[in-house]
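J.: If you want the building blocks of each chain, they are given just below.
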Amino acid sequence: MKLLTFVKEALEGRKLATAGAIWLLIIVVAGIAAPLIAPFDPLEIDPIARLSEPGTPYLFGTDHFGRDTFSRAVYGARMALIIGIGSVMVALLCGGLVGMLSGYFTGLGHVLMRMVDVLMAFPALLLALVLMTVLERSVFNTILVIGIVYATTTARILFGMMLKLKNEVFIDAARCSGAGHLSLLFRHILPNLLSPILVQATFIFAFAQLQAAALDFLGLGLPPEVPSWGNMLAEERIYITRAPWLLIFPGVLIILSVFSMNLLGDALRDRIDPRFKDDIAGV
Amino acid sequence: MSNTPLLDVKALNVVFRTKSSGKLLATNRNHAVKNVSFSVHAGEVLSLVGESGCGKTTIGRILTGLESAESGTANFQGDNILGLSNAGFRPLRKHIQMIFQDPYASLNPRLTIEKILSEPLFIHKLVRNRVEARTRMAAMLKQVGLDPDALKRYPHEFSGGQRQRIGIARVMLVSPRIIIADEAVSALDVSIQAQVLNLLKKLQRSSGVAMLFISHDLAVVRHISDRIAVMYQGEIVELNDKQQIFENPQHEYTRLLLSSIPQVKARSTP
Amino acid sequence: MIAYTFKRLLTLVPTLLAASVLVFLFIHLIPGDPAAILLGDTATPEEILALTRELGLDRPLWQQYVLWFKNVLSGDLGRSLFFDTPVLQVIADGAETSILLALLTMFWIVILGIPIGIVSASYKGTWIDQVTSGFAMLFASIPTFWLGLYLILIFSVGLGWLPSSGFPSVSDEGGWTNMRYLILPSLTLAAPNAALIIRLVRSSMLDVSREDHVRTARSKGLHPARVAIKHVFRNALIAVAAAFGFTFAALISEAVVTETVFSLPGIGRLVVQSILRRDYPVIQGVILIIVVLYMFVNLLVDLAYAWLDPRVSLS
Amino acid sequence: MRYVTALTLGSRMISPVSDNQPLLRVENLCIAIQNAGQLQPVVRDLSFEVQASQTLGIVGESGSGKSLTVLAIMGLLSGSPVRVTSGKVWFDGKDLLQLSDAERRSIMGDGMSMIFQEPMTSLNPVYKIGDQIMEGIRHHQHCSAKEARTRALQLLEKVKIPDASTRIDHYPHQLSGGQRQRVMIAMALACDPLLLIADEPTTALDVTVQKEVLDLIAEIQQDTGTAIILISHDLGVIAQTCNFVAVMYCGEIVESSTTEKLFQRLGHPYTRGLIESIPPLHSDVEWLNAIPGQVPALNALPVGCSYQPRCSHAQAQCRQNPPVALLDDEHIVRCHFAQQLQGRAS
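Chains as they are written, first to last, in the working numbering: chain A, 1 to 283; chain B, 1 to 270; chain C, 1 to 315; chain D, 1 to 346.
Treat the hints with caution; some may be incorrect.
[To be verified] Among the chain C residues that face chain D by a calculated CB cut under 10 angstroms, a handful are: (1) 216; (2) 222; (3) 223; (4) 278; (5) 311.
[Stated by the list, open to error] Quick list of in silico lysine-lysine cross-link-like pairs, PhoX-like style, CA-CA up to 20 angstroms: (6) A:2 / B:152; (7) D:211 / D:158; (8) B:115 / B:152; (9) A:2 / B:115; (10) D:158 / D:146; (11) B:115 / B:125; (12) C:124 / A:277; (13) A:15 / C:124; (14) C:230 / D:128; (15) B:142 / B:202; (16) C:124 / C:230; (17) A:164 / A:277; (18) B:115 / B:94; (19) B:242 / B:202; (20) B:201 / B:142.
[Stated by the list, open to error] Here chain C is said to cover these stretches of chain D; the calculated rule only asks that three of the stretch's residues, wherever they fall, bring their Cβ under 8 angstroms from a Cβ of chain C: (21) 112–126; (22) 135–148.
These aren't lab readings, by the way, just hints derived from the structure by calculation. In this text the structure is predicted, and so the values were computed from the model without any measurement. Note that CB positions come from ideal geometry on N, CA and C, so glycine has one too.
Based on the provided sequences and hints, a complete structural model is requested.
T.: So, in structure tokens, the structure goes:
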């Protein structure tokens, strides 16, 4: 509930970011209610209507198999949500936990952070590519790989924030009141980290979309039959001149969603504790 | 005043090690507190006074278990409290409490005053339930000059002086034996500082709690203490009754400090 | 400064060793017999046995690592399965394209990112700022390959101004005019990164402009432009320099995509093709080299940082 | 009409027939802060004068508007949500508020310069201190780098930086807090200003260092005859350094006089309250005579006298704007009961 008021306050007076938030809401609704909204099965092939232009009954036209682009785009929204939320969860659960604990228990923490440094020596997409080489192409693996890539930065960020928070006077005060480690970590420190974590999650969500699209494009992401915006672009790229709508619709959807998420993240970041602002690597 | 002191610090040494940037493995050693000894008796106010970097704050943090010492002992009611683990120190926290300098930083911005104040009550099992806790907290807030309504509010809704009163309430709620007050009034405006000083003095008198009052301000120190220890570069250079310190300073540094303070010479006279 | 450089170099060693272990283990992560993987599908059992002996695959893992590391130090990264030439050779063939692409991209990033960022910060809150920082964020939100495809569509297919794919070496016919092949790819690659630099320059300058020493500079009666450049931008540059390490990493990542879109014979496309061809020795070699390069860039960034901030180098 | 201004508060009374022009004359200065679409006044109808080679101390607690006043005089409010809404600031014959930005800048750092509170952050960390001192000199005097450096070296020696010829090439972080404040003073003196504004110059310093810096400022004033405005929350600092004092509360000057007279006959209950809030150094008192309550918020200023809710002498009359009372020709108090209360113990 507090996070919701935090978001509401951050959006106050920021028209573009509010528009972004509304767009994201539409994506969320479309993703959840995809079967109700999509007029066709995203995998259904209509051989006669291959590469038909936008109109009726195919709102966004069809691809080279004759599949309805609009329906695929709506299911793509669902996939975007799954990838985004999944990656954020993996990044926060792995990276967030490692970073927080490392920052709190600094003895072990510095060793853990050195290991994170080693992983960070691999540029993000390259690390994802290498991991995908070893793994099968699947939705789960794509989420895992993107999540791990951003877990490293998340660990770093939370480590830094924890070091700052741990030296706060009110933490000393809580210790003097007799609070133990668990109480310090979860009652006193974590609530102060929630809004910066939310901001970080917003940016991870945005980046994950771009990474997933890039992986799809390189043929190393989601399985080709999965209706995702990235796959739609990857499969239809050769029709860019013959059927430009095939690339415009999914492309614009990705851009709008990432842009909205970045706008939202930016608006939220302006509201968090200024000490944490520089820690969060966003746009 | 009984013969055995409540808190007896002997030969305390603190060394901070920081990584030296020039050499690879070398560390810089900063001997922050050198061979410091003093004692605080029950019901007494002892002040540590000195300029920034003299080690006074470090001593306060050591005695509340927030930092560790290199060597020395600190006997509280006969038992050495140095070198205790976080858990080992916990039972002592009911008896040794701390007031912090910055009223804006010492209250968790995410917690209501009720949560902040009730925490030590529950940890030290001083109350059985919320209702009892609330009664205790409301009474204490009245004592420090705040409305019991404050419980429902967050720290940012209060002014600096009010927050410091809340900090004092948190400390007094557990009825400690000794309070370590680290620059407790330094961050406050002159008129608020006077209010809080009066409050501290009143509570100290009425409860009989001992106090280690850490400050850079000699005038404030004179007002509140029984005895004063003057610190310079990690050492206590002079420790005496306050009358002696002010009227008959022995150490050169004490004299320098006293002569450096700008004063309002003319007083309000008819 | 020399002592500082030396110290930074030394701290790199453990990270580099640990990273090399990860790269080494990569082959072992792939399901199957490493020797069979390294030789590909066509290998005979005899060949596999021979390689097993040669690489010591029958020995404990740490001995294999030592052997591998020795080979790496002597420049032997193994043989490519696809080209059947030394991996180092394969990588060297792609180096020219990638290095020229990186340099040209860096050029765009610096000449676009920094001035626009300064303008955006100087006109904070005005429509100029809103437009520039809005567009910067928009460009940071566009998938690299999508931008590349549309640049091709407009400037190559539509207008016919620039070539759409490939890159003949500058030592081939055409000489340095062949750089025109890299204009679209470098712009594609620069767009999101320049956007990030714009936003970073802007926010760092706004942070610095709130610092006390800027007020001191203004109190001297200096011209606002001089305050903005000499005091605000100069100090903001410290944060911007630190970010160039991340920019380089992003560049490598996005170069993989860009080189694929524009069919450039560079290292980035080599990675993708090698993955699709299951040419594991090449993948391993490229990754090792990129990691070393990335660390080297980070070292340079650290040194630039220390050079820009006397508090670091002189403390 | 001239006589009306004479009754506004001044560090010195503006006599109707005064012929020697003050160096700085602030008339009815009002400053407001832009807050959620509306202007909240923070400094109200402020008037005072500074004569050449005078030291005026402005004392007040946080929120009294003392820093904003000097920032407005200096011209450093631009770019913040705070602005001057009305009034005049006459300096050296010109109304500063009517000047163009360029004209204003030609005075900043030249005829008028400023020292700030935080010596640790007020110097640019990436430039050598010598270069930072030279920057202002070269800007205003258009001299060669060599001449500027010679001048910078002289200045560093003047502010008693030991080993100045080496220190000139040091970076700020290599200096202690006290030394940095000396560098700030050197920088402010670079172009021989007519007026030096010091905003809490010693608040961040230890008391022994504070004494050295205050002695230095006093010495410089003796030597150069520069007029000084010293802002402080510490009455002791003001009493020891300044020959005129203005006490500010809630954006108004409530009392002003020569230092000697002010402390002899405290006119305003607030001034008295402030002094009685400070524990005495050379005697013991059981309880401090603290001012009750707290400084009102800007958006909830009381009607009439702004001190009235905290004042032990307040009466119904105090809910009207207090008149300006002249205790004598140089001692001015903004209180309904100035005459009755003065000297009486509270």
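J.: Look at each hint and say if it fits the structure.
T.: Hints, one by one, checked against the model:
A hinted interface residue such as residue 216 (chain C) counts as satisfied when its beta carbon comes closer than 10 angstroms to some beta carbon of chain D; here the least separation is about 5 angstroms, so the hint holds. For residue 222 (chain C), the interface hint holds, the least distance from its beta-carbon to any beta-carbon of chain D being 6 angstroms, beneath 10 angstroms. The criterion of a C-beta within 10 angstroms of any C-beta in chain D is met by residue 223 (chain C), whose closest approach is roughly 7 angstroms, and the hint holds. Interface hint at residue 278 (chain C): violated, since its Cβ lies 52 angstroms from the closest Cβ of chain D, which is beyond the 10 angstroms cut-off.
Hint status for residue 311 (chain C): holds, given a least beta-carbon distance of 5 angstroms to chain D, under 10 angstroms. Of the pairs offered as hints, the one joining residue 2 (chain A) and residue 152 (chain B) holds, with about 16 angstroms between alpha carbons and a cut-off of 20 angstroms not exceeded. Restraint check for residue 211 (chain D) and residue 158 (chain D): satisfied, since their Cα atoms lie roughly 17 angstroms apart, inside the 20 angstroms limit. Only pairs whose Cα atoms come within 20 angstroms are accepted, and residue 115 (chain B) paired with residue 152 (chain B) is accepted, the gap being roughly 9 angstroms.
Proximity of residue 2 (chain A) to residue 115 (chain B) is assessed by CA-CA distance (about 17 angstroms); at most 20 angstroms being required, the pair is judged to hold. A distance of roughly 18 angstroms separates the Cα atoms of residue 158 (chain D) and residue 146 (chain D); the hinted pair therefore holds under the 20 angstroms criterion. Distance hint between residue 115 (chain B) and residue 125 (chain B) is fulfilled; the C-alpha atoms sit about 15 angstroms from each other, no more than 20 angstroms. As the CA atoms of residue 124 (chain C) and residue 277 (chain A) are separated by approximately 18 angstroms, the hinted pair is consistent with the 20 angstroms bound.
Restraint check for residue 15 (chain A) and residue 124 (chain C): satisfied, since their Cα atoms lie roughly 17 angstroms apart, inside the 20 angstroms limit. Between residue 230 (chain C) and residue 128 (chain D) the CA atoms are separated by roughly 13 angstroms; this keeps the pair inside 20 angstroms, and the hint holds. Distance check on the hinted pair: residue 142 (chain B) and residue 202 (chain B) sit about 13 angstroms apart at the alpha-carbon level, within 20 angstroms; holds. Pair hint residue 124 (chain C) plus residue 230 (chain C) holds up; C-alpha atoms about 18 angstroms apart against a cutoff of 20 angstroms.
The suggested pairing of residue 164 (chain A) with residue 277 (chain A) holds, with an alpha-carbon distance near 12 angstroms, which does not exceed 20 angstroms. Restraint check for residue 115 (chain B) and residue 94 (chain B): the C-alpha separation of about 17 angstroms stays at or below 20 angstroms, so the hint holds. With a C-alpha separation of about 19 angstroms, the suggested pair residue 242 (chain B) and residue 202 (chain B) falls inside the 20 angstroms cut-off, and the hint holds. Distance check on the hinted pair: residue 201 (chain B) and residue 142 (chain B) sit about 16 angstroms apart at the alpha-carbon level, within 20 angstroms; holds.
With a cut-off of 8 angstroms between beta carbons, the stretch 112–126 of chain D has 10 residues touching chain C; three or more are needed, and the interface restraint holds. Under a criterion of three residues with beta carbons nearer than 8 angstroms to beta carbons of chain C, the stated coverage of the stretch 135–148 of chain D is upheld, 4 such residues being counted.
In summary, the structure is inconsistent with hint 4 from the numbered list given earlier, while agreeing with all the others.
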